[in-house]
Amino acid sequence: MKDQLRTSLFHLLIIGLMAGLYFTLPEYHSGVLARAMVLAVYAMGYNLLFGYTGLLSLGHALFFATGMYGLGLAMQHLDVGASTGIVFGLIAALVISTVIGFLALRTTGVAFMIVTLMFAQAGYLIILWMGEYTRGDEGFAIQASERVLAGIDLSQPDNRYFAALVLFGISLLLIGWVVRSGFGKTLVAIRENEERARMLGYNVHRHKWVAVIISGVLSGAAGAAYALLFGYVGATFATVQYSIFPLLYVLLGGAGTTLGPLVGTVFMYYLIDLSSQVTSAYLLIAGVALILLTLFAPQGIIGELRKRVFPWLP
Amino acid sequence: MEFGPHFFLASLEGAVNAAVLALMAVGLSIVFGIMRVVNVAHGEFFMLGAVIAWWISSLVGGHPAIGFVLALLAAPLIVGAIAVAADHFVLRRINYDPERTIVATIGLLYVIQQTTLMTFGPEARPVEAPFNTRLALPWFEKTADGFSMYWPWGLSTTSYKLAVIAAAVVILIALWLFMTRTKIGLIMRATQLDREMALTHGIPVDRVYAMVFGLGAGIAALAAVLIVPIQQAHYLMGGDPLLLSFIVVIIGGLGSIPGTIIAALLIGMSDGIISVFFSPTVAKIIATLLVAFVLIFRPQGLLGKRIA
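Residue numbers (the numbering used here), protein chains in the order written: chain A, 1 to 314; chain B, 315 to 622.
Isolated chain A (complex conformation) (with noise of 0.2 Å):
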């Protein structure tokens, strides 16, 4: 319990970081860390399946489509409000990452990896093929004025921000909480040793299905709040190179870390907007990042931190 609490309490200290930032930065990096605090999001759906699962899924994007489109198109086409529209975004995360897990958790390894790869891709045809409701790849925007949560105008950098950090930090306490309670640690032990865990009398399937269903509801959250924030739904949230980003904030915050998934997120992001600035080809970052992480810092960098330094880091 104490070990709850103190997690809870190092969350809550970030948070108010998180929040002060807001007013100390210039108003160009509060819109970066808006926009990174809802990837964040996203990495740390990822993160409780690849980093306290030990599952790795190519096909996360599929999630955060589901949010996006599951929003974007009950605000488009049935005309609901932001609230309506992301109860629309989060059941449909719950539905497909519930069918998506029940099958694709038949397979494991490179197999498991393959087949949400394809899930994932069959997804984004399917948004292709819908075009006359998505649009395609050319995507839709929603209207400023439907984007209005309780009374306040999401559109406006302020609310936004404030916006991400709510979801970033209802996030973050819950991660926290998963991951110290008997269940997370049950998930530590699945990725350790499956077959120890399974004699043990934990029922394995439960608890990973379990755990495709919280990343899959997490990563739709996160697409939800991406369209209703920014405004914006399109095909190329569906990409494959969406199913890499969160891979790859992981990787290089840390697997297995509460905090992993926001440093990594903040530090690609950065990255990314630099190298964007002098080359077209600013992915060729991701993939040089992608190779020297499995070459030399597998734990990425609070891993590493948590392992020679601060050994108490959640």
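Hint data in this document are derived by calculation from the structure and do not stem from the laboratory. The beta-carbon is built from N, C-alpha and C at its ideal position, and this holds for glycine as well. You may find that some hints are simply not true.
[As the list claims (entries may be wrong)] Incomplete in silico selection of chain A near chain B, CB under 10 Å:
(1) Val240
(2) Gly287
(3) Leu293
Take the given structure of chain A and dock chain B to it, following the hints.
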């Protein structure tokens, strides 16, 4: 055009697809079979082959055939050398761990693709075919007095497309002879069967792995040189063939070369035919879902044997 000639034309296009796909997928399949790693950068080796073919043919003047033949010889060697270097500096160092290899080859994919974007540029560039005679094809019709032959308008192919099919068949036969009739092929198959046992018999497994990775990439580059006069070279051209060859390798049974070739014929032909009559997007949706469900319910592939 009537249905019969139209279908015939679609199958010819499909056969060209299938020929190139078979080469590409066999490259992926031997790498998976022998090294037990999934090479996500395989599509980029294909793309590099096409880009190098363009580069060589634009350097060499004279008849297009000279540049093409040079490209046919040089591109697989250059790409193979790049792959060997990648094996040496990256894959060997992470001990061919399956999951880390996938992450590393994703990195390699971006590095190769984006470097090409920076140097070669975003345009699609054509390579002239060494020969390209248009051949009109006859069609048979049943009339009251038996069969009669006529030449429907639009039913034609080129000599180059037929040559691509023939070349693919020759390369595949040569590869099969290499794997089954030579000492190096024997060593490769021994490594595939049991890595540890091969090591104890003094087989330099590290060198075999480097060679296999280079060979796989070289075959992909060869396939690209063959197709580039039909398709043009572009820095993003590796994506679709990668996806399709994944599909082929999985349907054909991971690591089984005859299965891979049969699946390539099946998928290449049907992809060509379905794309002519229906939307290519629907064809791809069906194909990707098929792969997912085959892996879930029949992980040994449709033609592969179940490993106990």
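Under 10 Å, Cβ to Cβ, is where leucine 293 of chain A needs to be relative to chain B, so tell me if that hint holds or is violated. At about 8 Å, which falls below the 10 Å cut-off, the nearest Cβ of chain B leaves the hint on leucine 293 of chain A intact, so it holds.
May I ask you to test the interface hint for glycine 287 of chain A with respect to chain B, counting a Cβ-Cβ separation under 10 Å as satisfied? 3 Å, holds
Should the hint that valine 240 of chain A touches chain B count as held when the rule is a Cβ pair under 10 Å? 8 Å, holds
The structure fails none of the hints (numbered hints given earlier).
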